[in-house]
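K.L.:
Here's the letter readout for the chains.
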Amino acid sequence: MTELWLPSADPTAEDEKPPLALWRRLGFGFWVSVGWVLLVIGLALLAPILPLEDPNATGVGGRLEGPRPGLWFGADSTGRDVFSLTIWGARISLVVGFIAIVVGLLVGGSIGILAGYFRGLFDGVASFAFATLLSFPALILAILITTLLGRTVFWISISLGILAIAPVGRLARAQTLVFAEKEFVMAARILGADDRRILIREILPNVVVPMSALALLGMSIAIVAEGTLAFLGISVADGLSWGKQIFEAGSRATDLQTGPHAALFPIGVVFLTVLSLNFAGDRLREVFDAKELSL
Amino acid sequence: MLLVVLAVTFLAFASMNFLGDPLVNILGPIADESSGPEFAEIRAEARAEYHLDDPFPVRYARWVGDLTQGDFGRSFKNQQNVRTVIADKLPVTILLMAYAQLLAIAVSIPWALWAASRAYRFVDKASTVVSFGMLGIPVFALVVLLFWLFALYWQIFPTRFDDSGLGPRLWSLTLPAISLAIPLIATYQRLLRTDLISTLQEDFIAVARAKGMSTRHILFRHALRPSMFSMLTVFGIQTGALIGGSLVVEQYFGIPGIGRAVIEAIIRDDFPIVLAVVVIMSVLFVLINFLVDIAYTWLDPRVALND
Amino acid sequence: MMSDNLLEVDNLGVTFNTPEGKVYAVSGVSLGVSKGEALGIVGESGSGKSVTMKSIMGLLPRTAEITGSAVFDGLDVFDLPKGRRKHFYGVDIAMVFQNPMTSLNPVKRIDAQLTEGMRYHDGLSHSAAKEHALELLDLVRIPDPVKRLRQYPHELSGGMRQRVVIAMALANEPALLIADEPTTALDVTVQRDILDLLDDLRRELDMALILITHDLGVVRDRTDTIAVMYGGRLMETAPTAAVFADTAHPYTQALQRSIPDMSTPRGTQLDPIPGSPPDLAFAPTACPFAPRCTYATDECASAIPPFKSTPSSADHSYACFHPCGSAAEPAASV
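Residue numbers (the numbering used here), protein chains in the order written: chain A, 1 to 295; chain B, 1001 to 1307; chain C, 2001 to 2334.
Because the hints were derived from the structure by calculation, they are not lab data. Think of the CB as a built atom: it goes at the ideal place given N, C-alpha and C, for glycine as much as any other residue. Treat the hints with care, as some may be off.
To be verified - Mimicking SDA-like on lysine to any residue, the simulated pairs with C-alpha atoms at most 20 Å apart in a straight line are:
1) C/Lys2082 / C/His2121
2) C/Lys2086 / C/His2121
3) C/Lys2108 / B/His1217
4) C/Lys2082 / B/Arg1209
5) C/Lys2108 / B/Leu1232
6) C/Lys2108 / B/Phe1229
7) C/Lys2086 / C/Asp2122
8) B/Lys1125 / A/Gly29
Stated by the list, open to error - Where chain A lies over chain B, by a calculated footprint (3+ residues, C-beta under 8 Å):
9) 1002-1011
10) 1125-1138
11) 1233-1243
12) 1246-1252
13) 1265-1275
14) 1278-1288
Said to hold, decoys possible - With the Cβ distance kept under 7 Å, some of the chain C side facing chain B (calculated, not the full set):
15) Met2057
16) Asn2099
17) Thr2102
18) Leu2104
19) Gly2117
20) His2154
Full structure from sequences and hints, please.
P.N.:
Structure below.
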């Protein structure tokens, strides 16, 4: 099928079309996604100083009152402001997602890089540990750890971070294996660079790029995981969270029938946020993969 | 592989024992020495029954030994035999997960074939957007959304689990299974579509076309099987996600499976049940991935030679 | 042109629309092959010979734009009636591809691949198809056919696989077999066997054969007519003997000089053709071979030479302003 149908490669053609700037290559959808995530983060950060109703105040609106100006998302079954609940709920979801992925990247990333670089026994042990962690049903592991450590924002983040270690570590190890064989690493070694220098100056920058795409995807996974725990009633003990909000609005059939908006609005926000993170992460990965090929 | 299962059980058992005092979990407040000498006898009895005075390695070895005999121990709370509890609740969970996987495969394969045979045309691009969107809805949001739409708004499916026979059971499990299947469908469709598109570039597809075989025949009989590797790999991995999803689905739809049982057990600190579920799920996970390895040889006769 | 031809291609053009613009893969190609005859199409890779045949087989991607006509046994190949189309390819025309390693589906047994065509087109029963498959394997001289039927492609050698591919193509007794570089991917030792097999089969089954190759030597003793292509255009068509005895086009001549031959004395320097094939991204305005041609003049670079027959024979045509043997032959090459 691949006979010479395409014009033979013309070396001058590349010069005529300068490669698009990075921000253009990422595309319109990427920036819309990033914009949405930044908007949610901004609102969540500013929640205390925004003119919002107290999310815990009942009777702000009527029972399951529909959306109206001033009560944009309507009210839930106890008359709380759904818009305010959603914004405040974002705080825990985002913080947990963020800490979790940072823990995953730091711990998983460094174990993966070291394992991929030094190989040997350490690599064997690390790979086995990753395989073990991955063969735990992730959510059960999360539940296990949170139950044992405690249901605070900090421990929930840590336990979700532990979940991220294995997949991140695997990727970092695989990337390092690829780059440790490359000519520029060999060159650096011949020039007398020690392991530390090679790891930091040569390997790390090359592993960080694909990791940044993984960070966005990982954050979306962590947000979903926290939402799931909250939905099951085993996340942060008495905090607000999207998962908990959706459970409260959606678990009684009669409430859901009379006032679906109380559940549908936060569902929409979760959907858009997760979708944006996935999309942005996917685009980053595509663009950087292409760049790697041209190396 | 056996080693991984062993490591999982060790990790689970160790964390259960070192993070928190099992005695407190069994007896509650009276486990504390300061609660009075009148409970000393009960404490001693409990310690003896659960062998809490033995050193950790001995207890672990005994627990694993019991596991291989199919003995999961007794519940800390109501003295029930854990095996009975599991045997009672596991079937419906397995049914739910199998149902979801079946749905996912039944939908994703035709969808991927349809999209791949129209690769890069408008309909294919549109369907790719749809499947990407399906990945963006977490299961906990999906259950509420689908329940509202199909059980309350359109009232197609029943609102609660009906255990009065196989028919009603399957029918009432349909909505939960769809909730679990939607992210799976999207995952499979995307992988299979990509692999199909590259398979359709192969010479043997051109040969089949030159033989005048119908498009349908070429898609199903020539392109599908060599394109299923990534999907099969992910089938194994997704089983893990399915286990997590079944917790949410069982809890929300009130299905009496082990997902629900484990959440109750966690809330009540009933470790033997939690441990049993962790072990069973890990074994299931490993087992399915083992079956996936076997399935490779069926998909590609060349794999068998390399082993 | 002769109208009694089995396949008659007239003024065929194929253009691809790619993101980088149009590619003129084939322009103004006219060919014919009659019943039981063998036609050789010769050219370098990129000369458009495969694209020509793939357009006839309906194997080009949707981005291809086809002009001109191809008539097979009175049927317009590019506009087949719906009912006819279902049982046309594989029944009337069959094709053998270049690489036997990738031509067979790796996950299906030989018998399934051999019999599916007969069962689909002729509605043969499972056992009848299997019997016919055995006959076919016998026909293409595969030893121990019963055992082969149960094997997978990776268990066979390259030569064996190509025999299977040929057997597959013969399954429905096509009137025309197109073989696209059937030996290029094979070991030198089996190339000859496969070519001889094709030649014998053509005679035995009274089937027309189009043999595509980059090697003039391959078609020399096995075809009735030869068409030489370059840069998507026809350079010369002639009865096989005339191509060698009375070469008209400088490109054909250059091709002859670039291949080893039993008659060339040992130690003779082979003449590779200098330069590289043309970029097909521009609509043709000149002789495509002009930049590499030792006889080229300004005329060759500014106009397309017409495709016309030689004075001596109506069957012998070429597209050149300065055909070999004419006065323009330069002394400069000394």
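K.L.:
Indicate, hint by hint, whether the structure satisfies it.
P.N.:
Structure-based check of all given hints:
Simply put, C/Lys2082 and C/His2121 have alpha-carbon atoms about 15 Å apart, close enough for the 20 Å limit, and the pair holds. Only pairs whose Cα atoms come within 20 Å are accepted, and C/Lys2086 paired with C/His2121 is accepted, the gap being roughly 8 Å. Taking the CA atoms of C/Lys2108 and B/His1217, the gap is near 14 Å; set against the 20 Å cutoff, the hint holds. Distance check on the hinted pair: C/Lys2082 and B/Arg1209 sit about 16 Å apart at the alpha-carbon level, within 20 Å; holds.
This hinted pair checks out: C/Lys2108 and B/Leu1232 have alpha carbons roughly 19 Å apart, not beyond 20 Å. Between C/Lys2108 and B/Phe1229, the direct Cα distance comes to roughly 16 Å. Compliance with the 20 Å bound is thereby established for this hinted pair. Distance restraint check for C/Lys2086 and C/Asp2122: the Cα-Cα separation of roughly 12 Å lies within the 20 Å cut-off, and the hinted pair is therefore satisfied. Only pairs whose Cα atoms come within 20 Å are accepted, and B/Lys1125 paired with A/Gly29 is accepted, the gap being roughly 15 Å.
Note: the region 1002-1011 of chain B has 6 residues with beta-carbon separation from chain A under 8 Å; the three-residue rule is met and the coverage holds. With a cut-off of 8 Å between beta carbons, the region 1125-1138 of chain B has 6 residues touching chain A; three or more are needed, and the interface restraint holds. Restraint check on the region 1233-1243 of chain B versus chain A: 3 residues with Cβ-Cβ distances below 8 Å, three needed, restraint holds. A count of 4 residues in the region 1246-1252 of chain B with a Cβ less than 8 Å from any Cβ of chain A is obtained; the coverage claim is therefore met, three being the minimum.
Check on the region 1265-1275 of chain B: 4 of its residues sit with their Cβ under 8 Å from a Cβ of chain A, so the three-residue criterion for coverage holds. With a threshold of 8 Å between beta carbons, the proposed coverage of the region 1278-1288 of chain B by chain A holds, since 5 of its residues qualify and at least three are required. Because the beta carbon of C/Met2057 sits about 5 Å from the nearest beta carbon in chain B, less than 7 Å, this interface hint is met. With a cut of 7 Å, the hint placing C/Asn2099 at the interface with chain B holds, because the nearest CB-to-CB distance is about 6 Å.
The beta carbon of C/Thr2102 comes within 4 Å of a beta carbon in chain B, closer than 7 Å, and the hint placing it at the interface holds. Taking 7 Å as the C-beta contact cut-off toward chain B, the hint placing C/Leu2104 at the interface holds, the least distance being around 6 Å. Of the supplied interface hints, the one on C/Gly2117 holds, with its beta-carbon coming within about 5 Å of a beta-carbon of chain B, less than 7 Å. For C/His2154, the interface hint holds, the least distance from its beta-carbon to any beta-carbon of chain B being 5 Å, beneath 7 Å.
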